[in-house]
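Taking the hints into account, I'd like the entire structure generated from these sequences.
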Amino acid sequence: MASLDDLKKRIASVKSTQKITKAMKMVAAAKLRKAQESAEKGRPYSEKMNNIILNLSNGISDKENTSKLLSGTGNDKVHLCVVMTSDRGLCGGFNSNIIKKAKSYFSKISAEGKEFKIITVGSKGNDQLKRVYGEKIIENISFKESKNVNYFDANKVGKMVIEKFEAGEFDVCTIFYNQFKNVITQIPQAQQIVPLNNEEDENNSDESYEFEPDEDEILSNLLPKNISTQIFKAMLENSASEQGSRMSAMDNATRNAGEMVDKLTIEYNRSRQAAITKELIEIISGAESL
Amino acid sequence: MSEEFKVEIVNPEKSFLSKEDVTEVVVPAFEGEMGILKDHISIISFLKPGIITIHSKSGEGKFYVEDGIVEFKNNNLSILTSSIFNLNEVEKSKLQDLLKLAKEEASKSEVNDQTKYLVDQKIEVLKSLN
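So the sequence lines, in the order shown, correspond to chains A and B.
Sequential numbering from 1 applies to the first sequence in this note's numbering.
Sequential numbering from 1001 applies to the second sequence in this note's numbering.
Please keep in mind that the hints were generated in silico from the structure rather than gathered at the bench.
Just to be clear, a hint being listed does not mean it is correct.
Facing chain A, a subset of chain B residues (Cβ under 10 angstroms, in silico) [stated by the list, open to error]:
hint	residue
1	Val1026
2	Ala1029
3	Phe1030
4	Ser1042
5	Phe1046
Sample of chain B residues lacking proximity to chain A, with all beta carbon distances greater than 10 angstroms (derived) [stated by the list, open to error]:
hint	residue
6	Ser1058
7	Lys1094
8	Glu1104
9	Tyr1117
Here the structure is a predicted model, which means the values were calculated and not measured.
Built from N, CA and C at the ideal position, the CB exists for glycine as well.
Take a look at the structure:
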């Protein structure tokens, strides 16, 4: 059995760990509020963008000759997967959930006999994927320096995707990220961005618009922007999810540390009492023998 | 009858501006400046670098944009842009920085005609502001 001193030390160390996790939880909570706010503020832009594109693609006259970003290359041989994770750890299952989702997608694709390439955004995803899929990773981007998610960064990723598309390096592009639902639930998402999926609501197709210049030109201008917008949306969702996930993970850690402290304290008290009793018995039996 | 309509300017990070009492908006559309009044036909267009002027009951606002899309529908004007500056608030030095950036871009050789045109526009507008 551990000595009293050992127990005391262990209690102290668990307590200090608890302090750290508690502080991390507080920080995550504060950051979460900010991230959530900016995720909500960013929504109108991507929604409006989606709406306009929907209206445009409905109004387009020549569906065959539209931008390849909308209609696709006609094949789906090579898939590009943009896996978006965080740069920091200690956030529960946040990164593993995305990786799991991505890995299941990879194996599905390889089972169909198609190729895939990976771009990782965020260093944690790269760390986890490079062991198994090292040679598939063609690019690794990390935004450790930028404090907040900003459109400029998203644009960089978007431009890279478009360049690779124009160079014919892939046919289908999917982004992986965590959608923020609430603090305890984040849903890993796989969203196809090239070619654009327009299966959702097509109820407002009756709108007639005037276009200046014509549809095709607007569309070819808009689609690259839409990719950056979608990536930006994913980054915002991701950062809110990361903080939410970290907050609940740290909350759990704090609670576990509390339980451990309680258990250790009881053990400490018991052994202290046992030592006292032992000493008393020794004294009494010593006195009796006189 | 009121002559007002609603304007909303959003950039990726947030809703930049939302106004209900707007009487006229002039936007630098790709094929020339375009004034929009109430009950304009539904239109989608994109912007080149220039100045958006918003006339409203509560005063006039001027904004510098580098790109964007405008959508007008049911007396709702939405402007989506990734780079917008309120000319009443932005500092001179910021505009000068933008001008410098644009000039650098223009000096690159491998730009195509359309980007060249846009960059030239940008420089022209920024020069007139500085």
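Status of each hint after checking the structure:
Hint status for B/Val1026: violated, given a least beta-carbon distance of 15 angstroms to chain A, over 10 angstroms. Interface restraint check for B/Ala1029: the shortest CB-CB distance to chain A comes to about 6 angstroms, inside 10 angstroms, so the restraint holds. Hint status for B/Phe1030: holds, given a least beta-carbon distance of 6 angstroms to chain A, under 10 angstroms. Hint status for B/Ser1042 relative to chain A: holds, with the closest Cβ pair at about 5 angstroms, below 10 angstroms.
With 10 angstroms as the threshold, the beta carbon of B/Phe1046 comes within range of chain A, its nearest partner Cβ sitting at about 6 angstroms, so the hint holds. Chain A leaves B/Ser1058 outside its interface by the beta-carbon criterion, the shortest separation being 22 angstroms against a cut-off of 10 angstroms. The claim that B/Lys1094 is not at the interface with chain A holds, since no C-beta of that chain comes within 10 angstroms of its own (minimum 15 angstroms). No beta-carbon of chain A comes within 10 angstroms of the beta-carbon of B/Glu1104; the shortest separation is about 16 angstroms.
Every CB of chain A lies more than 10 angstroms from the CB of B/Tyr1117, the least distance being 13 angstroms, so the non-interface label holds.
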